[in-house]
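Spelled out from the first residue to the last, the chains are:
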Amino acid sequence: MVRAALTPTRRIGQAPSPYAAYVPAVTVVVATLLSALPIISTSGWYPDFGYLVFIGWRLLRADPWPAWWAAPLGFVNDLFTGYPVGFSVALWSATMLALDLIDRRTMWRDYRTEWVLAGVLIAIDEWLQWRVARLVDAAPPLSQMAPALIISICVFPLFAWFISRIDAWRLGR
Amino acid sequence: MATARPGWSRRAQYGLFFSFLAVIAGIVVGLILLTMSLVVPEQFDRVRGAALDITSPVTGGLHKVTATAEGLFSGAGNYWDAASQNAELKRERHAMLRRMVEAKAIFQENQQLKAVLELREHERSTVAVGRVVGSSFSSPRRFAILSAGTSDGVRIGMPVRSPEGLIGRIIDAGALASRVLLVSDRANIVPARLLRNGIPVIAQGRGDGTIDVRPLEVGRNPFKRGDIIITSGTGGLYPPLVPIGRVVRLDDDGAVALPLADPATISFAIVEPPFEPAAVAADAAASTAERP
Numbered sequence: 002m003v004r005a006a007l008t009p010t011r012r013i014g015q016a017p018s019p020y021a022a023y024v025p026a027v028t029v030v031v032a033t034l035l036s037a038l039p040i041i042s043t044s045g046w047y048p049d050f051g052y053l054v055f056i057g058w059r060l061l062r063a064d065p066w067p068a069w070w071a072a073p074l075g076f077v078n079d080l081f082t083g084y085p086v087g088f089s090v091a092l093w094s095a096t097m098l099a100l101d102l103i104d105r106r107t108m109w110r111d112y113r114t115e116w117v118l119a120g121v122l123i124a125i126d127e128w129l130q131w132r133v134a135r136l137v138d139a140a141p142p143l144s145q146m147a148p149a150l151i152i153s154i155c156v157f158p159l160f161a162w163f164i165s166r167i168d169a170w171r172l173g174r
Numbered sequence: 016m017a018t019a020r021p022g023w024s025r026r027a028q029y030g031l032f033f034s035f036l037a038v039i040a041g042i043v044v045g046l047i048l049l050t051m052s053l054v055v056p057e058q059f060d061r062v063r064g065a066a067l068d069i070t071s072p073v074t075g076g077l078h079k080v081t082a083t084a085e086g087l088f089s090g091a092g093n094y095w096d097a098a099s100q101n102a103e104l105k106r107e108r109h110a111m112l113r114r115m116v117e118a119k120a121i122f123q124e125n126q127q128l129k130a131v132l133e134l135r136e137h138e139r140s141t142v143a144v145g146r147v148v149g150s151s152f153s154s155p156r157r158f159a160i161l162s163a164g165t166s167d168g169v170r171i172g173m174p175v176r177s178p179e180g181l182i183g184r185i186i187d188a189g190a191l192a193s194r195v196l197l198v199s200d201r202a203n204i205v206p207a208r209l210l211r212n213g214i215p216v217i218a219q220g221r222g223d224g225t226i227d228v229r230p231l232e233v234g235r236n237p238f239k240r241g242d243i244i245i246t247s248g249t250g251g252l253y254p255p256l257v258p259i260g261r262v263v264r265l266d267d268d269g270a271v272a273l274p275l276a277d278p279a280t281i282s283f284a285i286v287e288p289p290f291e292p293a294a295v296a297a298d299a300a301a302s303t304a305e306r307p
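Protein sequences appear in the order of chains A and B.
Using our numbering, the first residue of the first sequence is number 2, and each one after it goes up by one.
Using our numbering, the first residue of the second sequence is number 16, and each one after it goes up by one.
These are calculated hints, taken from the structure and not from any lab test.
The structure displayed is predicted, hence computed values, not measured ones.
Hints are not guaranteed to be accurate.
[Unchecked claim] Computed cross-link-like contacts, SDA-like style, restricted to lysine to any residue with a CA-CA straight-line distance of at most 20 Å:
1) B/K79 <-> A/L38
2) B/K79 <-> A/I40
3) B/K79 <-> A/L34
[Unchecked claim] Away from chain A, derived, C-beta distances all over 10 Å, residues of chain B:
4) A110
5) A143
6) I243
7) R264
We put the CB at the ideal spot given by N, CA and C, even for glycine.
Given only the sequences and the hints, what does the whole structure look like? Please build it.
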């Protein structure tokens, strides 16, 4: 933030997009809608796109959206991805809260800390999905969740980079 | 909710406090919804159906593109080794013709025997025909999206099959699209039997695209590699004699089978009414009576 302010690269007439405040939430919904792509996966190794973009935004900025938006965004994710309704509502709200508490503790952040943080969050997400599936007697062995987890963690930097590009665009940088 | 201390402004402090409350309310509401959707999943049928309808035009439209691309690749693959493939197919065709004549004779004999026994014949009717256009991506559950909904007569609980074999059953139905619980999902348990010798088995999904099959009677492992598993019709939901999978691997007391109807490659999915609606209704009544 500070360095960006010191090097004025902004051209005349370049300003934040008028919908800048809504862009992050819209990208989360778009990522959620990726589950409508006609890809038929029999192994379930695709990442949870909505959640990746959600934590990507939240790790990049402390206030991509008002905190309570996590609940409706999670609700949309539940509806389109076929998770039990309420799963993402609770998880995404809890993520907002957890990251706020972590923000108070951490003195500094860098790229690797964020990746580790994202990895932990993704692991929690996968584990909770497995837990909920177990409640309805539909859980595979836990080891079977490993490929999906590794793939998700590996593609997170890609999502984070993409989100930072969108962020620069929406703020007119 | 950005910083720990927003300064001396009362307004900012209250704002921070209320946003904390809002997030905690979000968690609570989410947990309540989650409990409801686990205990009484019917509660959300309508809203889930509506969400399916919203995405169905996109999913259906894009499916044609991916199907064409896949067709190009597999079409090119078929040109490799065409001569020996041709010879093998001819040999198979001759064998098939002989078997077909036998099967026709058996079918006629079967008809006569059934007439003697005065067995009630089931009229196999089709509710709707659709395409499998999408699937669950990441969760441990295995769902597929079918391009037919309540406007075509599809109802929750109906079995879905393709000419190749059983696909699963409907669990969410929108007006234009519906969600199918695939046979490879852990929660889908299908009463089945071995085609080779009619031994009754239970087929349960493994969550990774394969099916676990176990014999009903404990004892010697009755499976061999390459065995075909078919539905038995027990329970009244799935029609009998629909192929489910082919055994690919044996384990201690059962085997792992691969579904014959691979949802990624089948062209059409057929929705049928429950085989014995009366039995299914009785089952459902019993299970709701058990629930407190």
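For each hint, the structure was consulted:
1. With a CA separation close to 11 Å, the supplied pair B/K79 and A/L38 stays within the 20 Å bound.
2. Of the pairs offered as hints, the one joining B/K79 and A/I40 holds, with about 11 Å between alpha carbons and a cut-off of 20 Å not exceeded.
3. As the CA atoms of B/K79 and A/L34 are separated by approximately 18 Å, the hinted pair is consistent with the 20 Å bound.
4. At the 10 Å boundary, the C-beta of B/A110 stays outside the reach of chain A, the nearest C-beta of that chain being 31 Å off.
5. Here B/A143 stays apart from chain A, with its beta-carbon at least about 19 Å from theirs, past the 10 Å limit.
6. The beta carbon of B/I243 sits about 19 Å from the closest Cβ of chain A, which is more than 10 Å, so the claim that it is off the interface holds.
7. With 10 Å as the threshold on Cβ separation, the claim that B/R264 sits away from chain A holds: the shortest Cβ distance comes to roughly 15 Å.
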